[in-house]
Amino acid sequence: MRRDRAAGWLGGVCAGIARRYGIDVALVRLGFVVATAAGGLGIALYALGWLVIPAGETRPRRRLPTGRGAIEVAFGTGLLLMSALLAFRELGIWFSDAVAWPLVLIASGGALIWRGSATASPPPQEALTAPLVRAGGEVRDRTGVRRVSRAARAISRTGVGIALVIAAGFAFLQATGALSAARDVILAVIVVVVVLGVIFAPWIVRLVRSLTEERAQRIRSQERAEVAAHLHDSVLQTLALVQRRSTDPQEVAALARRQERELRSWLAERPAPGEEASLAPALEAAAAEVEDRHGVPVEVVVVGERHLDAHLEALVAAAREAMTNAAKFGTGSPVDVYAESNADVVRVFVRDRGPGFDPAALPPDRHGVRESIVGRMERHGGRARIASDPETGTEVELELPARADR
Amino acid sequence: MRADRPDIPALVAGLALLAFGGVLLLDALDAIDLDFGLFAPVACAVTGAILLANGLSRRE
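Order-wise, the sequence lines are chains H and U.
Under this note's numbering, the first sequence has 67 at position 67, and the numbering climbs by one with no breaks.
The number in this note's numbering is simply the position in the second sequence, starting from 1, with 406 added.
Keep in mind the hints are simulated off the structure, nothing from the lab.
Certain hints may be false.
If the Cβ cut is set under 10 Å, some of the chain U residues that face chain H in the computed set are [as the list claims (entries may be wrong)]:
hint, residue
1, Gly428
2, Val429
3, Leu430
4, Gly443
5, Ala446
6, Pro447
7, Val448
8, Ala449
9, Cys450
10, Thr453
11, Ala455
12, Ala459
13, Asn460
14, Leu462
Bear in mind the structure is a predicted one, so any value in this text is a computation, not a measurement.
Glycine residues also receive a C-beta, built at the ideal position from the N, C-alpha and C atoms.
Let's have the full structure, built from the sequences with the hints guiding it.
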């Protein structure tokens with residue numbers, strides 16, 4: 001186990017535990033806050049965790065439970081925490097009821113609100129690249145999760161969280177005897193909130209609907225761009241090679257078979273034959289494929305290693321397209337690929353010594369540079385820079401932030 | 407031949423109910439005085455353990 005300082009608020013103890021055991025980090029934080037109510041035990045445990053758990057990158061052990069499993073885990077954890085609190089209260093390791101119980105309610109409500117806001121935030125890139133399927137009027141992604149119900153669940157979760165926080169405030173005021181004094185003010189606030197809610201409800205509902213529709217459209221448009229980039233890199237490239245090598249039936253048949261296998265794997269959403277799990281082998285495999293197809297030597301140097309995720313797979317795909325362009329238009333000059341990765345960023349440079357080109361003068365129907373390299377990198381939170389000169393050739397620089405939540 | 411894996415939720419539920427039964431037995435034998443202050447955390451712990459084991463087993 002490692003402390004995840006980048007995703008954490010203080011020392012990353014909660015984030016590290018959550019990542020290691022596949023638990024929602026809000027639940028782990030709630031556990032520490034609730035344990036703090038029991039005589040400050042949470043603070044002591046957190047400090048101990050900070051001392052004994054080293055910082056670093058934890059590999060996730062299990063996936064988060066979903067659906068009914070998530071509800072059972074949440075209720076189970078809550079009941080166990082409640083049991084610990086009641087036991088500490090019975091043993092006398094306890095602040096006053098007026099402080100501890102409102103704190104528990106606030107912590108629970110806060111966790112629900114955070115969880116709701118995280119679910120309602122823009123979907124991760126994996127969800128953006130997942131095909132949307134319309135069935136029976138519902139929009140689903142490839143994991144089968146209903147998009148609309150996910151948003152509805154987030155809203156209801158946030159509502160329960162807000163109710164818990166308000167209840168905590170009332171419980172605290174009641175316990176300290178301040179509720180009777182503040183009754184008139186609270187009543188006035190409630191009336192104002194209800195009146196404003198009734199007036200602005202139609203606009204709020206309309207705004208939420210339009211935002212949801214806009215998001216769905218954006219997801220569809222990104223999905224179309226991903227499909228277009230993939231087809232360009234695979235099928236269109238192979239068809240161009242088939243035309244060029246039409247005099248060699250065996251070579252044409254081999255190209256068609258390879259393309260068929262790749263396309264079937266992509267449609268079935270399983271790794272293509274030979275697909276690698278980390279950056280260096282993936283770049284080397286892409287270079288070998290380009291060498292094999294175009295007969296141009298491609299030299300690859302990789303410094304630092306990184307496990308492939310959806311974003312790095314896109315980086316490798318963009319690098320493969322840059323290598324293909326270098327092999328096709330570099331007039332047979334060797335192609336150099338240099339990749340480096342550190343804690344913050346992954347960079348790949350693809351260079352050839354060909355005659356160069358003007359990136360701004362590319363025709364609009366050429367998707368290779370515009371969509372498969374630049375567009376693909378931007379969709380995954382990175383960027384591509386192209387420097388081309390007739391004297392020195394062309395260099396494509398691809399850069400991707402290392403964090404998964406870029 | 408692969409050995410059958412134990413049913414973790416059932417195992418946790420069984421152990422939790424055994425512990426709960428033990429507490430009730432101790433109360434019946436007057437070894438402990440089972441009042442709400444003791445009963446509530448035990449009941450919460452039993453239910454919570456069963457729910458947690460069941461929920462965690464669902465994701466596999």
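Now the hints, each set against the structure:
| no. | hint | in the structure |
| --- | --- | --- |
| 1 | Gly428 | violated (16 Å) |
| 2 | Val429 | violated (13 Å) |
| 3 | Leu430 | violated (16 Å) |
| 4 | Gly443 | holds (4 Å) |
| 5 | Ala446 | holds (5 Å) |
| 6 | Pro447 | holds (4 Å) |
| 7 | Val448 | holds (7 Å) |
| 8 | Ala449 | holds (8 Å) |
| 9 | Cys450 | holds (4 Å) |
| 10 | Thr453 | holds (5 Å) |
| 11 | Ala455 | holds (7 Å) |
| 12 | Ala459 | holds (8 Å) |
| 13 | Asn460 | holds (5 Å) |
| 14 | Leu462 | holds (6 Å) |
Consistency note: the structure conflicts with the earlier hints numbered 1, 2 and 3.
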